[in-house]
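When you get a sec, could you build the whole thing from the sequences and use the hints?
Number of protein chains: 2
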Amino acid sequence: MSKKLTSRAEDYSKWYNELVVKADLAENSAVRGCMVIKPYGYAIWEKMQAELDKMFKETGHQNAYFPLFVPKSLFEAEEKNAEGFAKECAIVTHYRLQNDPDKPGKLRVDPEAKLEEELIVRPTSEAIIWNTFRGWVQSYRDLPLLINQWANVVRWEMRTRLFLRTAEFLWQEGHTAHATKEEAISEAELMNNVYATFVEKFMAIPVVQGLKTESERFAGADETYCIEALMQDGKALQAGTSHFLGQNFAKAFDVKFANKEGKQDYVWATSWGVSTRLMGALIMTHSDDFGLVLPPSLAPNQVVIVPIYKSEEDLNAITEVADSILSDLRAKNITVKFDNRTTHRPGAKFAQHELQGVPLRIAIGARDLANGTVELARRDTLTKEVVPLDSLNEKIETLLKDIQESLFKKASDFRNEHTTEVDTFDAFKTVLETKTGFISAHWDGTNETEDKIKELTKATIRCIPLDGKEEEGVCVYSGKPSKRRVLFAKAY
Amino acid sequence: MSKKLTSRAEDYSKWYNELVVKADLAENSAVRGCMVIKPYGYAIWEKMQAELDKMFKETGHQNAYFPLFVPKSLFEAEEKNAEGFAKECAIVTHYRLQNDPDKPGKLRVDPEAKLEEELIVRPTSEAIIWNTFRGWVQSYRDLPLLINQWANVVRWEMRTRLFLRTAEFLWQEGHTAHATKEEAISEAELMNNVYATFVEKFMAIPVVQGLKTESERFAGADETYCIEALMQDGKALQAGTSHFLGQNFAKAFDVKFANKEGKQDYVWATSWGVSTRLMGALIMTHSDDFGLVLPPSLAPNQVVIVPIYKSEEDLNAITEVADSILSDLRAKNITVKFDNRTTHRPGAKFAQHELQGVPLRIAIGARDLANGTVELARRDTLTKEVVPLDSLNEKIETLLKDIQESLFKKASDFRNEHTTEVDTFDAFKTVLETKTGFISAHWDGTNETEDKIKELTKATIRCIPLDGKEEEGVCVYSGKPSKRRVLFAKAY
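From first to last, the protein sequence lines stand for chains C and R. In terms of my numbering, the first sequence opens at residue 925 and continues consecutively. In terms of my numbering, the second sequence opens at residue 925 and continues consecutively.
If you are wondering where the hints come from, they were derived from the structure by calculation, not from laboratory data. This structure is a prediction, so every number in the text was calculated from the model and none was measured. Think of the CB as a built atom: it goes at the ideal place given N, C-alpha and C, for glycine as much as any other residue.
Short, incomplete list of chain R residues facing chain C, as computed with Cβ under 8 angstroms:
1. 953
2. 954
3. 998
4. 1020
5. 1092
Just a sample of chain C residues kept apart from chain R, beta carbon distances all over 12 angstroms, derived:
6. 1025
7. 1089
8. 1137
9. 1171
10. 1239
11. 1240
12. 1378
13. 1392
14. 1405
Laid out in structure tokens, this is it:
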């Protein structure tokens, strides 16, 4: 067994990095900033994908696939968007290697094989998709277009961390086209809601829905909706965004339609995405010093059975009981694994499943067989109890629900305890230095104040909460009048 | 309605290109050689993915994800493989754009942002994966590694065609590592079998399983297994390959393990893949001059219901019947769509569903309601019949099975009729000029003869069939002795 994780109290960042690798979720690769998502990590991502995909389809969206590359001339067509990504994009300039005349056995870029126009590896696909939509939309009958794509994207980030910020990441990007502004705004709101529902219900992470300020908005958007979550170290994490793009892309790519009156008008757009970054949120919200803690909804194995035996005879008897548990639980759509590897001792198996966050562990030994019981251990609370075999199935069903709910409750309590209303800049700074978390404060609505606060404290405006009430107040920094509180935090 | 397709007899290639676009499967993009897979085409691909993924998991494989980029030094580590792909790879050389000082509002590659080492966009992932496997394998206990990846890959092909040959395509690539040669060979055979089962059972396309000759083998493989299908124009299409890679990649990337005796040995490897090229095979095997014909197993909608009405009242009555059919069929896991669009007339709907290959179409009019019947049309045979409502569900279930089977039978009959044994080179050439298809002939086993035949006839050896019998003969070209027949054909 590898030695214990660094504790969160000792070094939160180190704890996270160690956990991701030791729990077999992901690792760094030979390509700077690009990760390998390992089978166990990928199995969690697949469960997230499956749920999201179902929710997208239930809300009328269809999947499609668009090219990995964006020609430079398309990339730069929507200026704000291009500017937003120009500083961190991977660029394909050549299409052939040749033998290196100076280094036998080595290859080099063939200078003759230069592309006429450079290709940008998509950092996001608005440009290539809106260039395609032009051919798909003639009249209002062709609208709305409700498209989603599951894809890899590349942003050449300089400082990377597994799942949280990587040069290549996996995501889904929704791109929709509408006849009216109102419909597009509703779509952007709907999808932000879908994200909130998914993250709260399946990932057991409470989120605040809100709007981004102008400076934090997606490049090319008129309005960015977001869901913001709070991690255990008191830093916020943007878990998903949904953009109302106005007619910016339609104008840049000349996507017009004939409305019911036969008049030509530009189409209204949205885009929305969540990524493998959600894996980072999942890990940082629930896990502890012993390793990963997974909500049952997303655990590749919800239950694991470990046999404890000295003789072949014991193992056979235990296997018989395990098989019956397996078939009972599978009949209830509970994922369960019988860990009967002969290469590992029970202690090592316990440690591995604890590290990998399996919600429930059943241990069966010879004495259990005699008593008609098993030992049931719960990962989130680290508690154990002896359960009679005849009530096991029901117990497990109840516990899985309970774990899902109590993880959400625990995270909600943490988030609520770490959301502080402040009315002075001194109090603002004190919160950041002591308890951290979200700070709810009045802001005068200007970029200058936002920038100044960021410069002084590193805290940014995470969002203007959608459920915030109108309330007369004064800006915590400038003292100018303000009509509502916004949420500040240091963020990932 | 758009005008009719070019017929297959008139111009097969044009028929294919038109069909792919008109049936809303895919289209060309602004990026040379890269396609857009449209929602209807992607829905078919998703069904294929789902079935294959299930089969991979049932055979013990796990999904993972590896970087899009391969550093040049890793790419060239396995020489044959590097050589095989060097001539057609997209190369990232820079990571930033900047404002073009000569052209206001335009961007250019920032010459300061040159990568230290060029990155190849993966044409296949052996290099990056085996470089990763080195860290995953220490002892025989870590083996086998049974990994699959769903991904996009790029091969800078000069002549491209939608689905059949595109610069970027989607695929899955399996990569496995084993302790023994025998186990790796079994794995390569098993996965070729999985492909054959999938293609025959779900795609309703008969295939020949075989081995590739040395010159047609995957670069870096010791042996390539393949499945070969025959298209309606008599050309063969390689539908999937499974490679036994020997220890070539293990040696290139130094992947060793301690065997049970504690001795260090290189790991044995396989890789296997199928791609969106299968979409091309699916289209070309079954479709006709009226459009796409889909096997029910892969049809996004197996049944479509079209209402025929003059009054609102009729529509309401039809809708009631349709709703009951919908819920009955869905209860049987049959995918069905009620096409109640008010923007299109029934004739246009009929034409669209025919073009898009929906296996069964139900039309319901006012007279049908009075008679308690519907009109049921079958896409593959273009036959119609009147069916009483009370036997409709059963009828549909039977027909869907029948369509699946009869498409396979039709394609098998065609393949068998277009497989010709020849014993002279004159006969060989005559077959290619007249009936085309597979030619079963003796070959002397040399590269020279293979090359010469290709040069003279454009036919290549598609495979050495696995089920071929030993049979004394003489090479159809050189007259030298041969022990078994191989399959020649012109190919995609």
